[in-house]
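Number of protein chains: 2
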Amino acid sequence: MKTIEGGLCAVDNVKAAGACEDNYGVAIIHYPNSNVAAVFTSNKVQAAPIIITKKAVENGKLSAIVANSGNANCFTGMKGVENAELMASQVAENLNILQEDVAVASTGIIGRQLPLGEISKLIDDSLRRLNNSSKASRSAAEAIMTTDTYPKQYAVETTLKNGQKICIGGIIKGSGMIAPNTATMLSFITTDIEASPEELEKALKKAVDKTFNMVVIDGDESTNDIVLMMSRPGQGKIDENFQEALEYLCSQLSKMMAQDGEGATKFMEVEVKGAETMEDAKLAAKSIVTSPLVKTALFGADPNWGRIIAAVGYSGANMDPDTISVRLEDKERSANIVDHGKVMAFEGTEELELAESIMEREEIKITVDLALGKYAATSYGCDLSYDYVRINSEYST
Amino acid sequence: MKTIEGGLCAVDNVKAAGACEDNYGVAIIHYPNSNVAAVFTSNKVQAAPIIITKKAVENGKLSAIVANSGNANCFTGMKGVENAELMASQVAENLNILQEDVAVASTGIIGRQLPLGEISKLIDDSLRRLNNSSKASRSAAEAIMTTDTYPKQYAVETTLKNGQKICIGGIIKGSGMIAPNTATMLSFITTDIEASPEELEKALKKAVDKTFNMVVIDGDESTNDIVLMMSRPGQGKIDENFQEALEYLCSQLSKMMAQDGEGATKFMEVEVKGAETMEDAKLAAKSIVTSPLVKTALFGADPNWGRIIAAVGYSGANMDPDTISVRLEDKERSANIVDHGKVMAFEGTEELELAESIMEREEIKITVDLALGKYAATSYGCDLSYDYVRINSEYST
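Top to bottom, those sequences are chains G and P.
The first sequence begins at 31 in my numbering and counts up one residue at a time.
The second sequence begins at 31 in my numbering and counts up one residue at a time.
All the pointers check out, no bait thrown in.
It does not matter which identical chain is used: a pair holds within one copy or between any two.
Straight-line distance between alpha carbons at most 25 Å, and here's what the computed SDA-like set of lysine to any residue pairs gives:
| id | residue 1 | residue 2 |
| --- | --- | --- |
| 1 | K74 | G304 |
| 2 | K91 | Q120 |
| 3 | K236 | G346 |
| 4 | K74 | A401 |
| 5 | K109 | N366 |
| 6 | K109 | F376 |
| 7 | K240 | G346 |
| 8 | K109 | G378 |
| 9 | K191 | P263 |
| 10 | K404 | T307 |
| 11 | K74 | T408 |
Source of the hints: derived by calculation from the structure; they are not laboratory data.
These numbers come from a predicted model, not from an experiment.
Let's have the full structure, built from the sequences with the hints guiding it.
This is how it looks when you write it as structure tokens:
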């Protein structure tokens, strides 16, 4: 497996484009007659585009995606659903595909009607620019940004067990409202594996569960989250190598999203191992990256490891203070904070000095070993900064 | 029922005192041969004082409480337990009571050994000052403060159904790490009702469930939370009037704690009604006060009600976007934001202007009516401000 250029368009025959103006953006992805798999928000309030797209993917087929930023088209009633349908129909007519094969996604403020004039113009602009290039994929990634600070795309190439090469590409927007399940995270993935919609869905769900669902920015869960994976039969069938490459792609997109979390100055990767069950490993890992006290300590470069242990303690996971170990790492160094319940980094020790120095870094790995079993899980998160407060207290005004 | 002066010492024969120096404080409450009820943190990591106090209250009897701030005495191993025992024994010897009848509570940083010299000196200072006065209760409340900005005490007097008058007094410290269950919240309550430890516990648990457990500052749960209620048989037996007064006292202490949340500039009371079950009402109410997006919107005085509805949507409570109503209120005015799924406060409406003006206030009430059933619950919280980030990123350095 290797990282390649091109994002969505690393895959042959995928065309993408994006257009932005003022506070709005539109991205279009055209990949006719694909099989499709989808993961949606579990929020009980569902935006109009979610309703439309659930229907569109029902038969496992899709030809295009149209996504807008700047307005979530959520809590907008029947008019919202009509507006989402208008977005789909404009794309379908122009590309000469069925309207029911167009997925719609939206992100932005809740409770306001879509500014249809502006969105329609941006759809036209995007349609004119559709192209199979890395730049086109990047412009689609840029068009769906809200508080993201840079467009996010990634692509990998792997060799299937039958010897054939296959590409998987993706774009993502995230930043706020991520977790507990997915987020107003929008992510679109393309590939050319031969797989039924059911096989695609199985592969996607497994990957999402290990990656996107383990990212926490602030613990809020959006009304608009969508992950869509489109595939056209090409190079071979799903095997372990494909699954590994898909999970790697999703983990790279997840890390980018966490690193670019709203106001984030630091990125943390948290691995909890030695858990009795997989559920315990996930609970503990997510509890640490969600804790406002851990997040503010990260922002302040404060090796206040008691907050990490407290977050494990209230996570619901089985844990024993006498067996737990905690380690802080950057790319070169590792500080042994707590070893099987024994504090190693207390005042005056070199270990504490090392921990303080590691906490100054922009990327920090926290490893917690519960020493109770064999399960492990990794979560991704960021610090809680003044800028998070600024961005979110100014959002709608 | 009426509010009275005196805090803990509104109750006859309760003596209290507090002493502070540098970063540490010690409070002592002396109420010999009381019956006692307790609620503890459910965090699996439990501080040394929690271990001691669980043992002390096992037989339902207590004579004194000694509490310190500045150090949590948590994750401090056997030495931590010995230090907590030393605190209890110093108080027991001096007051001529059994060591096993002394409860210990601590709040502050995790993972450092207690500075026993300083704490011991402050215990002596407090012991010398023990007194039955409002000022003494207030000094105890002050001594257990960490990031609180003012000492918190409250007392009520009510008339039992048999015509006799009874007092209940309490102090609380909170600010950070509050919820999901209790917090490094420490709260001590005194009264003089005739009740077995079991009866006291039943009354206390019921009150805590409706009040302290509905306060959310940041969603972290402490390793050190304790609520203790001491009572000496006096004026009569527990009845509905006593229960109502106890719940009122606890709700007043809860509100003070939320109003004085770390860095808080605003207070919110959230009532969710029309829920199908009590569990749903609580889930939805706590989800709203916990949401970082609602909290930052409150800080920014931004009537971004979509975030309130989204928080209900992901709370796990049963809800229907087509029946939900949302209302914002201050003490004089009320803005109808969403009425049975219909948006009332959209751009250009007077309702939105009113909502904006209400969001400028320091105390805001949010009412959500799910219109699905008859259950209601109220939660208390505060905004998420720059100061929350500052306080918690600087804490241990």
